[in-house]
Amino acid sequence: MELAWPVFVAAFLASAVEFVEAFTIVLVVGITINWRSSVLGALLAAATLAVIVATLGVALVTYVPIVILRLVVGIILILFGLKWLKKAVLRYSKHKALHDEEAIYEEKVAELKARGESIQRVDTFGTVLSYKAVLLEGLEVAFIVITFGSSAVTNTCSSACGIGSATIGAILAGILVILLGALVRAPLTKVPENTLKFVVGLMLTTFGTFWAGEGFGITWPFSDAFLFVLLAIYLLTSFILIMALSQHKQRQLAAPASDSMVKPQEVRR
Amino acid sequence: MKVIKAIYNFFVGDMIILIGVAIAVILLALINTINALSPLRGTVEAIIFIAAVIISLTTTLIREVMG
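Here the protein sequences come in this chain order: A and B.
The numbering of the first sequence is my numbering, which starts it at 1 and goes up by one.
The numbering of the second sequence is my numbering, which starts it at 270 and goes up by one.
Be aware that a few hints might be false.
What the hints assert, rightly or not - Derived CB-CB ranges, DEER-like:
no.: 1; chain 1: B; residue 1: Ile276; chain 2: A; residue 2: Ala59; range: 36 to 42 Å
no.: 2; chain 1: B; residue 1: Asn301; chain 2: A; residue 2: Leu56; range: 40 to 46 Å
no.: 3; chain 1: B; residue 1: Asn301; chain 2: A; residue 2: Lys249; range: 39 to 45 Å
Unchecked claim - Here are the simulated PhoX-like cross-link-like pairs (lysine-lysine), alpha carbons at most 20 Å apart as the crow flies:
no.: 4; chain 1: A; residue 1: Lys197; chain 2: A; residue 2: Lys96
no.: 5; chain 1: B; residue 1: Lys274; chain 2: A; residue 2: Lys132
no.: 6; chain 1: B; residue 1: Lys271; chain 2: A; residue 2: Lys132
no.: 7; chain 1: A; residue 1: Lys132; chain 2: A; residue 2: Lys249
no.: 8; chain 1: A; residue 1: Lys249; chain 2: A; residue 2: Lys96
no.: 9; chain 1: A; residue 1: Lys249; chain 2: A; residue 2: Lys87
Quick caveat, the hints were computed from the structure, so don't treat them as lab data.
Beta carbons are placed, not taken as given, at the ideal position from N, Cα and C, and that holds for glycine.
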């Protein structure tokens, strides 16, 4: 089977972010309650996700015309992408604290230890917590796989090739995150999550604009190569926004200091 | 209501982004359906779409920063 590389890379990066978040919770439940509950919850969620992907994925590709699919998927990807891009820009410009997986990990551990539970049998709370985390984050992964895969249909890549490429990307991301997590035995605090989110936000917005445009009948110059032009436009815009917002933040921080320097002079007058 | 809010938060969670993209989609739909606007189809349409996405992002960031 031919691999659609842009779809593979996009699905890999987007899924990696979601897997890191889900894995943090699974790890916390495993350490604080027990591994049996944690793994059971994660496996149940994985099974639920498999059913969702198998039914929704096939139905979408079989019954919906590709133009409509590209339009709807493109719009949804733009919404997803802008949401992530907004958060990443706010974090880079120091208007929002960096999404700290370590802090989330410590907070969850403290919360679970406060419950005073350390048992070996399957614990409902632990299983549900693990299930909920994996299902919610996994749903986003499933969504990315289905939408990316089904919209990537070209003359050289069928819908099976698109979904296959996206699935391989997501599976590899999952395996990599689990392996890394098992190796470091910590919630992957070393992964620069904001950078990953920024890149994924850019990619989702780029693909979304491209596909939604095609859905409206726009013929992009240079065909698929225009994806790089779109990426450059959004990257440049993001950098300008980060610089402008950083300067605004610095002015905000400097304002109280200059106020306190001015006030004594005003008093003397 | 809870379900609608959960779906909204799952997909976007930001009203300005949602409205911005919705306006862009309506504009493009109008350009593609109204004959009088047919000269805008193609390059101008693409520029309008990209600009709308950028304006949506900029507006929501400005609102966030200004409080």
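Tested hints:
A C-beta distance of roughly 19 Å is found between Ile276/B and Ala59/A, which places it outside the suggested range of 36 to 42 Å. Asn301/B and Leu56/A have their C-beta atoms about 28 Å apart, which leaves the hinted 40 to 46 Å range violated. The supplied range of 39 to 45 Å is met by Asn301/B and Lys249/A, whose beta-carbon atoms lie about 41 Å from each other. The straight-line distance between the Cα atoms of Lys197/A and Lys96/A is roughly 14 Å, inside the 20 Å bound, and the hint therefore holds.
Our distance criterion of 20 Å between C-alpha atoms is met by Lys274/B and Lys132/A, whose separation comes to about 18 Å. The suggested pairing of Lys271/B with Lys132/A holds, with an alpha-carbon distance near 17 Å, which does not exceed 20 Å. Under the criterion of a C-alpha separation no larger than 20 Å, the hint pairing Lys132/A with Lys249/A is inconsistent with the structure, at around 37 Å. The straight-line distance between the Cα atoms of Lys249/A and Lys96/A is roughly 11 Å, inside the 20 Å bound, and the hint therefore holds.
Distance hint between Lys249/A and Lys87/A is fulfilled; the C-alpha atoms sit about 15 Å from each other, no more than 20 Å.
Checked against the numbered hints above, the structure breaks hints 1, 2, 7 and satisfies the rest.
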